[in-house]
Amino acid sequence: MSQIKTNSIITNVFNCTAKLTSFKKISLIQNTHRFYHPNTTEYPKPHSYFPYLTYAPDSIQAKILSNCLQKHVPNTGINERSLINSCNDLGQSSTMLSVLSAPSNSAVLELIKFHLVTSRLELFHFASKNDKSLEEIFLKRLELNKPISNQLSALLSHLTSPFPSNLDVGIQELHNLSNDFVVLANDIKESHDFAWYSKRMGLSVAYVSSELFMAQDKSENFKETMEFAKRRLDNWRNYGTMYNNTEEFLWFQLMSGLSFVRSQTA
Amino acid sequence: MIRITGIRGCAKASFRKSLQVPLLRKFSTTNTKFTEASTTHFGSKTVLKEDKEKLVGNVFSSVASKYDVMNDVMSLGIHRLWKDHFINKLDAGKRPNSTEPLHFIDVAGGSGDIAFGLLDHAEKQFHDVESTMDIVDINPDMLKEGEKRALEQGKYYNDPRVRFLVQNGEKLDAIESNTKDIYTVSFGIRNFTNIQAGLNTAYRVLKPGGIFYCLEFSKIENPLIDFTYQQWSKVLPVMGSIVANDYDSYKYLVESIQRFPNQETFKSMIEQAGFKSCGYESLTFGVCAIHWGVKV
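Sequences listed follow chains B and A, in order.
Per the UniProt record's numbering, the first sequence runs over residues 1 to 266.
Per the UniProt record's numbering, the second sequence runs over residues 1 to 296.
What the hints contain is simulated information worked out from the structure, not anything from laboratory work.
Treat the hints with care, since some could be wrong.
So these bits of chain B aren't anywhere near chain A, every CB distance computed over 10 angstroms [claimed, not checked]:
# : residue
1 : I60
2 : E80
3 : T160
4 : Y243
5 : F252
The calculated BS3-like cross-link candidates involving lysine-lysine, where the alpha carbons are at most 25 angstroms apart (straight line), are [said to hold, decoys possible]:
#  : chain 1 : residue 1 : chain 2 : residue 2
6  : B       : K63       : A       : K89
7  : B       : K230      : B       : K129
8  : B       : K230      : B       : K132
9  : B       : K63       : A       : K207
10 : A       : K276      : B       : K63
11 : B       : K129      : B       : K140
12 : B       : K71       : B       : K140
13 : A       : K171      : A       : K276
14 : A       : K89       : A       : K155
For glycine and all other residues, C-beta sits at the position ideal for the given N, C-alpha and C.
Turn these sequences into a full structure, and let the hints steer you where they fit.
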């Protein structure tokens, strides 16, 4: 009788161990559970290649897209035709369009996403050489649009067309960009209040308006765009100062009001 | 004295026996692996690997003629939307200014709905009438169903571009390595005896730059929706017995769906076969999912 009991205990222990091992395996494979402590995979660095693009920088997808941006987009535009031309250049079949469209439902959208992500990476390399000011970084990002400047309005209209995937890519990349501006300019006094959002939102608005201006700009070497961008940045700073002053004023008034009430009721 | 020798002899004999056949469970899982290697799952049952092929064959032979009705009943007609989305998302076909025609292979696609859909899409969108298609299925009855459909629609029957082949998806003996551009498998891979072998073969037949695209039932993450779905699954075999007078086949189909790995696990299996840039998209809360991978 006791032997049967011992056997059943051993079986239970075995079952538990098996369950634990399988649980560990599953948790290792899935990695979908949120951890108690933040980890690197959960919050990737904003200026990294992965996971925004799902292929390696030296992969055939990246080669096709960068070749397309350099050689075909300025003449043929942001469309499937220029992607096919790029595939033909590199001896690839039409299958590559299916490969490119898999992560974001459209090969053309992937081309735009590639431009946005690689430009952000280039910006990171530019800023990490020396300490750069926010204005320098901001203008550098606009300069990176120069090679495809004649297609800029097509790019913007594609990103703003009301399909969820387009808006997803556009808004996410815009947020990453404004976050990069703040981080790369060493303006990382992280405020855990509404200013965190307003700071980034203000920069996003400044950037989008400058890009819209650039799409219509015919001046030499985009001089007017750069001037326009500088004015937008100044406005953004002024608004920032105004925001801080208002906040300080209201806080002071509140505190003095409270003190006054206290003094009267004491 | 005699007794002692007897016990010793017995002990020696049992020791030898234990060396030959490891009957006792060890702390490590070697024995379990040993048993797993010769058996596999058939729905909720555990069967010998060589038997599963026949059993799955029986299921599909018995449902072949009512395959469409069965799918409609099981998914409330949503499988048509999933298949349409699968074809549109893949968006495959030789583009007008491209030089090379594409070579498709649709595995476990006996009924031909995905294969014909892909060819129609390529023709309609890109005027592609050059790309070829191999429709492969292990079950001749299902392939006949596809040929019948091709004959009825007056397209892709006796067409040099389309081949119907009886092949085991785990081996694909008749398909040479590095010859295909696009490998599709829809609602078929969960019936493979060895799914990993099927994925490895997919990697073998694809050209570098080729894409693996798979539509299969998956796992629902939301517990509330999952609960409803599980209740629905319980009713399905009963519905099967009413519609097609076949309780057991439908029971197998439901159980095989429950046994299939979830999205992340299946993705890691695709990566293990050698594919890169793998990903997936869950459809209808994760009832099924589209998985993809690229051969580099």
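Next item on the list: Identify every previously stated hint that the structure contradicts and give their numbers, smallest first.
Entry: 1, 2
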